[in-house]
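Student: These are the residues of each chain, in order.
2 protein chains.
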Amino acid sequence: MADTLHTPTDDLRDTMLAMGTRARTASAALAKAGRDGRTRAIQAMAEALSAAETEILAANAEDLEGGKAKGLSDAMMDRLALTPARVQSIANALRAVAELPDPVGSEIARWTVPSGLDIARVRTPLGVIGIIYEARPNVTADAAALCFRSGNAAILRAGSESLNSAIAIANALRTGLASAGLPEDAVQLVQTKDRAAVGHMLTGLNGNIDVIVPRGGKGLVARVQDEARVPVIGHLEGLCHTYVDGAAASQMAIDIVVNAKMRRTGICGSTETLLIDQAVAETLLPAIAAALADAGCALKGDDAARSIVPDMDVATEADWRTEYLAPIISVRVVDGVEGAIAHITEYGTSHTECIITENAATADRFINEIDAGIVIHNASTQYADGGEFGMGAEIGIATGRIHARGPVGAEQLTIFKYVVRGSGQTRP
Amino acid sequence: MADTLHTPTDDLRDTMLAMGTRARTASAALAKAGRDGRTRAIQAMAEALSAAETEILAANAEDLEGGKAKGLSDAMMDRLALTPARVQSIANALRAVAELPDPVGSEIARWTVPSGLDIARVRTPLGVIGIIYEARPNVTADAAALCFRSGNAAILRAGSESLNSAIAIANALRTGLASAGLPEDAVQLVQTKDRAAVGHMLTGLNGNIDVIVPRGGKGLVARVQDEARVPVIGHLEGLCHTYVDGAAASQMAIDIVVNAKMRRTGICGSTETLLIDQAVAETLLPAIAAALADAGCALKGDDAARSIVPDMDVATEADWRTEYLAPIISVRVVDGVEGAIAHITEYGTSHTECIITENAATADRFINEIDAGIVIHNASTQYADGGEFGMGAEIGIATGRIHARGPVGAEQLTIFKYVVRGSGQTRP
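Protein sequences, first through last, are from chains A and B. Its first residue numbered 5, the first sequence is counted upward by one per residue in the working numbering. Its first residue numbered 5, the second sequence is counted upward by one per residue in the working numbering.
Just so you know, these hints were derived from the structure itself, not from any lab. Only true hints are included.
Here are a few chain A residues that face chain B, going by a calculated C-beta distance under 8 Å: (1) R267; (2) Y422; (3) V424.
Computed footprint of chain B on chain A; a stretch qualifies when at least three of its residues, placed anywhere within it, have a C-beta under 8 Å from a C-beta of chain B: (4) 24-36; (5) 122-130; (6) 246-259; (7) 370-379; (8) 387-393.
Don't be surprised by glycine CBs; every beta carbon is placed ideally from N, CA and C.
In isolation and in its complexed conformation, chain A is listed as follows:
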């Protein structure tokens, strides 16, 4: 068993700053370990996690008891619960990350300039990533492994409901790290439920956190975006739209809208608002609405939509701004692609936006003018996922405009440096 993690002190600020310093030191060792060293470390973390199943389940039982006492909802309790199979599936997810290509050291570009200098842009780790998350205990391992795959150290802050589970998992990861000869402090978990710890992380721990990744509900992410003094990679809301154009293929429109809304309603890439071209609303909306209703979806429409499908509820201004994450969809009739772009520009959250049309020029216009991380033509918004994009794993979907957008995989957790090779050049 590795050394235990730091113990909380009365002086939270000092504890947190010391974590930052240790993380920075560990991140340098990770960068030096090379691809193979990092791969071996992730594999060792997986083995140690597998081996610690008993300890992890015991810790999880404590969290479940606490959750019960706190009256957590069944959904929350389910998210919190670990089983032997779930622990092994977390370990398997680590093994899968170990197989992913390691982006560090890759040349993004290389060219020669007239002075004869050979200039290469080479991927490097970001450094230290702070991850703040809520109930799901698997995030502890998943996020740490993805940070590792790109040479970054991680400072993790788990939700208070899952803290015991997270400590047990982090201890296992650190045991694995130590057995692979890497510094344990490349993975550190905040050991207190004190919410002030989040505040310290958001100020960057004296420059020792390079980026914050929030994973959780709206309240958490809003606090992060509000207080963070370091860059944040993450998304606040996924209020995704599907626009059915006048030139859409009817059956494709029905199939995609139902899938985009109903495949899983609780994920950020699910469609929340259906926009339909007035040119086809009368002919196509009834069939789409019937298919949605058959799938168990409640509909809320604007006046034009309700004049075509009268048994919809009324959609108010608030509905255009609501990420339901539930089997509810708002429906608005718009004036062609221009109306769709205007609505999305006003209400979209830069996550994922979709157009269904057979008209290539209309699709191009939508693709060019919509400002979002992911713009989809003729496919379901539920494809907004790093795995579906071929990235292997993702730490989340980014909706900001800096550094990364869309699914954030190992490659997006890197930055670059310029390597300049000369032969004695002095600048005139």
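Given chain A's structure and the hints, the job is docking chain B onto it.
Tutor: Frame of chain A, contents of chain B only:
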């Protein structure tokens, strides 16, 4: 002449927020204008600037008078002063930016996934860039043009000493924009000397500034890094090192060190500290020191350096942390590349670091382990410049770890979106 810019109101906050809203609207128009539209706009800005020479010089005369009354140093007055030739050279710099490739819309990568989706990562503008700068009036035009070349709107905050010049230049740019049929509000200049305006910009104007670029001295940049709630692309300090390895070619070492320190001492890429391997310090340091002294450079050394070249001043701990920006260099004898890396890791500012060696393995180790925007082997640190890197123009050198590092040109002022093209895919 275009409409005049907004006039300051008593309520600075409202004025600033309104600027942000207008900038966001204008940025959408810029993105839609396409490459050719943006090129024509930059050309029109150049013509309008050329034509406004008289107005600009008159405004500059006011600034010069103000500067004289304020007792600005000769160096500051020179930086502030415009002449007919300088105005035309600013216009020519705009014409050069108009010739640069426009990165927006370029495909960075494109691949197909097993579901049949065709996924492309495509460059898009960042959106709205806030630029905060000091005395040099040319920044108003240079920075605005580079933002434009990548489809971004700009909110500019000039130094109070150059405000009249900046207003005249910004008015000319806006006239050019209007004549090219683009919204003038794509370039807005803060019209007040009130320093609170900077504070408003640093909070992001309700999400309407996507990134802040500070260009100026340490005080400005420190304030920006301290207060900014939006990402910052820029550098705090350029405390660059040149390390002369035991396996360095002697004459190359002498030439590069003198150039790296003395070509221009006031730029961020100039070398401030010379690190020399103890293996060659006795044989090589006297010649390097003599060449530096001949070039007019004062030397400050540690004990080991002074035991070899006794007529150096003493370098203290503070010297290792000082960006002189003057003909002064600190000198330290280190224990090989490991000692050099340790010193740079402790004192470097992630700007530009150089090794001089004929040993490829030593160079590789330095390149891999040094964490800086630019790592140079066998060439002068004074090459740290977007022009020398073939970028055509730069808005500055970034030393952060997020989004961009090293010289920041038009390409680094973009982000990307994913364009997903399907044929009706619904996710299983």
